[in-house]
Structure formats: C-alpha cells, structure tokens
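Visitor: Residue-level listing of the chains:
Protein chains: 2
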Amino acid sequence: MSSRPSTWNVPASKVAKRAHNPIRQIVDKLKIDPNAQKQLISLALGDPTVFGNFNVDDSCNESVIKHLQSFKANGYPPAHGTEQARAAVAEKFNHPDAPLTSRDVILANGCSGALDLAINALCSEGQNMLIPRPGFSLYDNLAVSRFIEPRFYNLVPERSWEADLDHLESLIDENTACILVNNPSNPCGSVYTEQHLRDILALAEKHHLPIIADEIYCDLVFEGNTFYPMATLTKEVPILSVGGLAKKYLVPGWRVGWVTVHDRNGIFREVHEGILSLSQLILGPCSVIQCALPDILHNTPQAFHDKTIAQLEHNTKVSVEGISKIPGLTAVIPQGAMYMMVGVNVSEFKDISDDVDFTQKLVAEENVLCLPGQCFGYPNFFRIVITPPADRLEEAYSRMKEFCARHHI
Amino acid sequence: MSSRPSTWNVPASKVAKRAHNPIRQIVDKLKIDPNAQKQLISLALGDPTVFGNFNVDDSCNESVIKHLQSFKANGYPPAHGTEQARAAVAEKFNHPDAPLTSRDVILANGCSGALDLAINALCSEGQNMLIPRPGFSLYDNLAVSRFIEPRFYNLVPERSWEADLDHLESLIDENTACILVNNPSNPCGSVYTEQHLRDILALAEKHHLPIIADEIYCDLVFEGNTFYPMATLTKEVPILSVGGLAKKYLVPGWRVGWVTVHDRNGIFREVHEGILSLSQLILGPCSVIQCALPDILHNTPQAFHDKTIAQLEHNTKVSVEGISKIPGLTAVIPQGAMYMMVGVNVSEFKDISDDVDFTQKLVAEENVLCLPGQCFGYPNFFRIVITPPADRLEEAYSRMKEFCARHHI
Ligand SMILES: Cc1ncc(COP(=O)(O)O)c(C=O)c1O
Ligand SMILES: Cc1ncc(COP(=O)(O)O)c(C=O)c1O
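Listed in order, the protein sequences are those of chains W and R. Heads up: the first sequence is residues 1 to 409, going by the UniProt record's numbering. Heads up: the second sequence is residues 1 to 409, going by the UniProt record's numbering.
These aren't lab readings, by the way, just hints derived from the structure by calculation. Each hint should be verified, as a subset may be incorrect.
The list treats identical chains as one, so a pair stands whether inside a single copy or across any two.
Stated by the list, open to error - Here are the simulated lysine-lysine pairs, DSSO-like style, with alpha carbons at most 30 Å apart:
#, residue 1, residue 2
1, 307, 66
2, 401, 235
3, 361, 235
4, 14, 361
5, 307, 92
6, 248, 66
7, 72, 317
8, 248, 72
9, 206, 66
10, 14, 235
11, 92, 72
12, 31, 401
13, 307, 72
14, 361, 317
My request is simple: use the sequences and hints to build the entire structure.
Guide: Shown next as structure tokens:
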C-alpha cells in the first residue's frame with residue numbers, strides 16, 4: 001500500500017471541473033431585482049410551457065394515462081428503447097431518400113441525452129468537432145467535458161445565419177471527428193435552404209466527415225420555409241440525426257429524445273454498435289412515455305402542430321415589428337423554431353459596452369430578461385425567446401424601447 | 001488544412017469501444033430456444049414488474065395523473081431537480097445522525113444516472129475505485145467507460161457476503177478515489193450489520209477515502225435484519241449515497257434516482273459543485289414524475305411496502321427450501337433485496353464445467369434462465385431473482401432439481 005494523504009482532501013474529478021454551463025455563469029451574474037416596480041418578463045428560457053399558452057395536446061396526456069393505468073408500462077425498457085417506441089420514431093421520420101427502421105433508432109434522455117450519445121460515440125479525447133457559432137451551448141459543454149476540442153464555425157447574420165463555408169473548411173484537420181449542424185437553429189431561428197444544406201454536405205463528403213444533425217425543431221418552420229432533414233439530401237455522408245419531443249410536442253420536461261442512424265454504406269457500423277453500448281450505461285426515457293410514444297407521434301392531430309406554428313408566426317411578427325421600432329437594435333428575422341437574435345449596435349449607445357452590459361441594464365431597469373449573445377458564443381447580439389403571449393412580448397418591446405431611448409446617443 | 005483520409009473511415013470513439021455490458025455479452029451467448037417444450041421461466045431480470053405480482057401503488061399513479069392533467073408539470077425542471085422533489089427526498093432520508101436538506105439532493109435519470117454522476121464527480125481518469133465482487137455490473141461498466149480502474153474487493157459468501165476487509169485494504173493506494181459499498185446488495189441479497197458497516201467506515205477514515213453508498217434497496221430487508229444508511233454511522237467520512245424509486249416503489253421504468261450528499265466538514269464542497277455542473281449536461285428525470293415525487297415518497301401507504309416485503313420474504317423461503325433439496329447447489333440465504341446467490345459445486349457434476357456452462361445447459365434443457373455469477377465477476381455461482389410468483393419459482397426449482405439429478409455424478 002502506498003502513501004495516502006494524512007488529512008481529508010477530496011477534489012472534484014477533472015471531468016467535473018471541466019463541466020461548465022456558460023449560460024448559468026452569465027445568468028448568475030445578471031442581477032434580477034425581485035422588488036422591481038415592473039413585473040418580470042423573461043424572454044430568456046427556451047421552455048415554451050412556462051406561460052401556459054403552449055400546452056401539450058390532450059391526446060398525448062390521455063395515452064400516457066392509459067399506459068399508467070395498465071400497470072404494464074413500469075418495467076425496464078431495453079436500454080435503447082422499446083421496439084414499439086423505436087418503430088414509431090422510425091416510421092415518423094422515415095423518408096424515401098433516408099429510410100429508417102426501428103433498428104436505426106436509439107432513444108435517449110431528451111435530445112440532450114441523444115447529443116451526448118452521438119458526440120460520445122463519434123469523438124475521442126483529443127479530437128475536435130466543428131460546432132456552429134452562435135450555437136446551443138450544450139454542444140460546447142458536452143465536448144469540453146469529454147476532452148474533445150470544440151471548434152466554432154461562424155454563422156453569418158447577413159445571410160440568415162448560414163454557415164460561413166470557407167471558415168468551416170479552414171477548421172478541418174486530421175483530428176476532426178464530425179461536423180455538427182443545427183437546423184432549425186437555436187438561438188438563430190434560421191431554417192436552411194436545401195442548397196445550403198447540400199453545400200455543407202459537399203464539404204463533409206469532400207473531407208469524409210460524418211455529420212451530427214440536431215433537428216429537434218424539425219418542421220416547426222414558418223410560411224415560405226421548408227425543413228429538409230439533412231439525411232434526405234445525401235447518399236454518401238453518414239449522419240446521426242438527433243431529435244425529441246421537447247419542442248414540437250411542447251413537453252420539454254418529459255425528457256424524450258432519440259438518435260436516428262443514417263448509415264451510408266455501412267460506414268457507421270462500429271459507431272452504431274458504440275451508441276448501443278453507451279445507451280446501456282444509463283438507460284433511456286421513462287417507460288410509460290415510451291409506451292405512449294406511438295400514440296404521441298402518430299395520433300397527435302395536425303391541427304395541434306398548425307396551431308403551434310400559427311402562434312409562433314404571430315409572435316415572430318409582433319417581435320420583428322416591436323424591435324424594428326427601436327433605435328440601436330437590429331433583428332434578424334426568424335424563419336422557424338422559437339428564437340430571434342437581435343443585434344445591439346453598441347456604438348449607437350452612450351453607456352452600453354456590450355451585450356452582457358445591455359441585458360444586465362435591461363433587467364435592472366425594466367425587468368425584462370434576455371440572454372446575451374455571449375451565452376451562445378456571439379457577442380453584441382441578444383436572444384429573444386418568442387413563446388410568451390403576444391401581449392407580454394409587446395409590453396417587453398415597449399419597455400425595451402424606452403430603455404434604448406434613454407441610453408441612445 | 002492537414003491531410004484527411006481519402007476514403008470513409010469512421011471508427012467508434014475510444015469511450016464507445018470501452019463501454020461494454022458483461023451481462024449482455026454473457027446472456028447473448030445463452031441459447032434460448034423459443035420452441036422449447038417447457039415454458040420459459042426467467043429468474044434473470046432484476047425487474048420486479050414483469051410478472052404482474054408487484055405493482056406500483058395506486059396512489060403513486062394517481063399523483064402522476066393529477067400532475068399530467070394540471071398542464072403545469074411539462075416544463076424543464078432545474079437540472080438537479082425541482083426544489084419540491086429534492087426537498088421530498090431530503091425529508092424522506094433525513095436522519096438525526098445524517099441530516100439532509102434539499103440542497104444536498106441531486107436528482108438523476110435512475111439510480112444508474114445517480115451512480116454515473118457520483119463516480120464521474122469523484123474519480124478522474126487514471127484513478128481507481130474499489131468495488132465489490134460479486135457486484136452490480138454497472139459499477140465496472142461506468143468506471144471502465146471513464147478510464148477509471150475498477151479494483152474488486154472480495155465479498156465472502158461464508159460470512160453472508162461481508163467484505164473481506166484485509167483484501168479491501170490491500171487494494172488501496174495513492175490513486176484510489178473512493179470505495180463503493182452496495183447495501184443491501186445486488187446480486188447477493190445481503191444486508192450488512194451495523195458493525196460491519198462501521199468496520200468499512202473505519203478503513204475509509206484511516207485512508208481518507210470517501211464512500212459511494214449504493215442504497216437503492218434501502219429498507220427492503222427481511223425480518224431480523226436492519227438497514228443502516230451508511231451516512232448515519234459516521235461523522236468523519238464523506239458519503240455520496242445513491243438511491244431511487246425503481247425497487248422500493250416498483251417502478252424501474254420511471255427512471256428516477258438521486259444522489260444525497262453527506263458532506264462531513266465541507267470535504268465535498270468541490271465534489272458537490274461538480275455534481276451540480278455534471279447534472280446540467282443532460283438534466284434529470286421526467287418533470288411530471290418529479291412533481292409527483294413528494295406524494296410518492298410521503299403518501300404511499302406503509303402497507304404497500306409491508307406487502308412487498310412479505311411477498312419477497314415468502315419467495316425467499318420458497319427459494320431457500322427449493323434449492324436446499326437440490327444436490328450440488330448451495331444457497332446463501334438472502335437477508336433483503338430481491339436476489340439469491342447459489343453456489344454450483346462443479347466437482348459434484350459430471351459434465352458441468354462452470355457457472356456459465358450450468359446456466360447454459362439449464363436454459364437449453366429446462367428453459368429456466370438464471371444469470372451466471374460471471375456476470376457479477378463471481379464464477380461458480382448463479383443469481384436467482386426472487387420476484388416471480390411463488391408457483392413459478394417452485395416450478396423452476398423442480399425443473400432445476402431434475403436437471404441437477406441428471407447431471408450429478
Ligand atoms: C438545438 C437544441 N438541441 C437540443 C436541445 C435539448 O433538447 P432536450 O430538452 O430534449 O434535451 C435544445 C433545447 O433547447 C435545443 O435548442
Ligand atoms: C444495486 C443497484 N444499483 C443501481 C441499480 C440501478 O437502478 P435504476 O434502475 O434506478 O437505474 C440497480 C438495478 O438493478 C441495482 O441493483
């Protein structure tokens with residue numbers, strides 16, 4: 001037996017020390033004054049359920065209740081999900097140009113869990129992965145906690161947040177494990193054209209790089225835009241697509257997500273095996289909801305989704321109009337999802353140094369909370385979540401207008 | 001840009017290649033014949049719900065349904081769990097000698113998720129952790145997938161599976177990060193005495209080693225035995241205790257677990273922080289069940305638990321009696337949980353080479369499925385899950401008896 005310390009000294013592991021959450025770090029610094037004269041309006045949280053205006057469809061609830069009452073839905077599901085649940089996902093996302101069977105589906109604990117599986121199966125310590133900037137911060141967090149280097153490729157606000165392909169290509173080297181593409185995007189609200197997706201795929205093919213496609217917002221897109229599942233646009237590039245119930249079915253708390261493996265020509269044979277092995281470490285989502293998944297995916301009325309999109313489009317209109325009237329701010333018009341990025345033209349303000357300063361002063365003075373772009377790696381923008389009721393949004397933009405007028409040069 | 005491969009070559013990550021499941025590997029080799037003349041009796045799966053004789057209490061279902069119907073339980077909970085859910089766990093497991101508040105509780109995706117958090121927060125790559133043999137295979141799997149060395153300390157069947165303390169101590173070195181203790185035990189069904197737990201704690205204190213106490217079976221113990229939460233027996237040793245709803249509430253599929261942090265003298269300050277950071281990567285269990293957790297933990301009638309234990313005790317009696325009549329087999333009498341380990345005296349059989357051979361031939365000839373001890377790192381034993389209905393168990397033991405008679409010398 002070798003020497004042990006002579007006192008208690010129990011540090012956190014290296015992984016735990018690396019695990020970080022930039023949103024938490026930045027938000028913790030925002031001083032929210034509970035005694036403010038105005039009621040808090042939070043446009044910060046990507047949770048459509050908090051205001052009561054976006055509710056799960058009754059039919060989904062009813063199916064879960066049915067399975068609870070059957071007493072047959074409480075046992076361990078297989079680690080990668082029940083056959084019926086996986087078949088339901090496969091059927092829902094099956095496409096002539098990207099066929100799926102239940103074997104290609106692995107359920108996970110939310111789309112977050114699906115991302116963890118996908119990243120963890122594809123990337124080894126010391127490798128790098130390409131992730132969008134601005135982008136959902138979990139990509140960065142997961143990579144860093146696994147000792148994988150995140151390399152950020154720029155999205156271009158002037159081109160509706162398309163990827164800067166030259167920049168993306170310049171980041172690729174022999175240690176690059178994959179490209180992560182998020183479409184529709186959080187935080188941008190962008191929806192890529194078929195051509196742009198094909199351009200990204202061409203780069204991936206040229207460099208033999210697999211893709212992780214975070215498509216959790218899938219067809220939550222606004223009029224004039226179309227969602228193209230990335231896997232339907234290539235016969236060559238192997239793709240892990242991740243999704244979940246959180247956004248489209250308005251149940252983020254249910255923690256149901258999935259990886260669908262689009263394996264071109266057997267390239268993902270080992271990776272697919274690896275995802276299955278990894279899924280056995282924790283097991284996936286709640287069994288009762290797995291049992292309800294076929295009902296949820298197949299029997300939720302289209303009218304439910306239409307209503308969601310109509311509300312989001314209306315709120316987008318309100319938001320774009322609201323922001324367009326405010327000097328010093330520039331909205332990038334969203335095409336889908338639930339977010340809008342707004343640029344802060346710092347030089348037009350007398351005492352706003354950057355996006356963090358802007359959001360900090362905005363919450364202090366007007367009790368309107370937005371996440372600064374730095375949460376997504378993108379300074380001098382801030383993100384608005386457009387799911388609050390329209391009258392709340394209008395109130396928020398009117399407060400923002402007063403705020404900006406006060407601080408404008 | 002450096003050289004990229006000129007063809008597709010996408011290996012699984014190193015982590016994915018390390019992730020393995022010995023149970024799966026061994027079970028996959030067992031040839032289960034669906035056309036067997038006798039109906040399959042599986043004593044293999046640690047899932048009490050599969051036979052319909054162990055059902056969740058109605059009150060738990062009702063609470064989940066209430067929260068589903070409120071439409072207020074579908075949003076993202078905080079990453080470490082809602083305040084109310086964590087407070088309920090704290091209140092349930094609070095003890096004068098090991099006080100808990102909601103701040104000490106982190107919810108996770110099943111006890112498996114809680115183990116992952118605890119191990120991942122305490123142990124770094126290159127360190128080792130001490131885990132029991134025979135033991136629940138997930139400990140090994142999680143350690144290996146994180147590049148942590150599992151070191152197995154022996155449990156002694158002749159002493160009701162107490163730890164061999166000399167052996168345990170001999171494994172400790174400067175790279176040891178913690179000791180994992182599982183009480184009551186899967187696969188052993190053992191329940192440790194206060195004195196034995198104190199002896200383990202004395203070793204931990206001597207070497208300044210924190211403990212992970214897997215106490216998921218908690219007070220599912222049989223007459224004459226008492227469950228002592230490890231944290232109540234020490235003022236010095238910092239302990240992460242993990243538990244969950246799976247076993248005591250008979251809902252393994254619900255995937256609700258927790259870590260409770262018993263921090264002596266601020267030793268776990270950094271580790272506690274680390275667990276919170278790690279929990280933010282995936283988020284915890286289903287929000288609806290989190291909302292029901294106070295009801296589940298506080299309002300499930302004691303009669304429900306009494307009935308569970310009475311059934312388990314009865315099944316244990318049937319099992320011990322059944323095995324005692326079979327030549328060549330020796331049962332170690334269970335004191336709690338849901339399992340019994342049975343020794344195979346290989347030298348008494350003419351054509352059984354080891355436990356894997358035994359269980360393989362048993363399923364082939366009698367369609368009775370048990371897990372060989374090698375699944376738990378312990379050859380020449382096999383594990384029986386004692387949750388099937390008593391008549392199924394009796395039938396299984398009568399088939400086993402015929403089987404052993406045929407193969408006995
Ligand atoms: C782009 C994107 N991917 C993944 C997730 C995580 O989804 P889940 O809640 O299912 O873990 C989110 C949640 O906001 C998201 O915006
Ligand atoms: C000792 C032990 N710990 C942890 C677990 C995992 O529990 P959960 O199903 O909550 O992940 C089990 C399940 O069999 C177990 O036996």
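Visitor: Okay, which hints does this one fail, numbers in order?
Guide: 2, 3, 4 and 9
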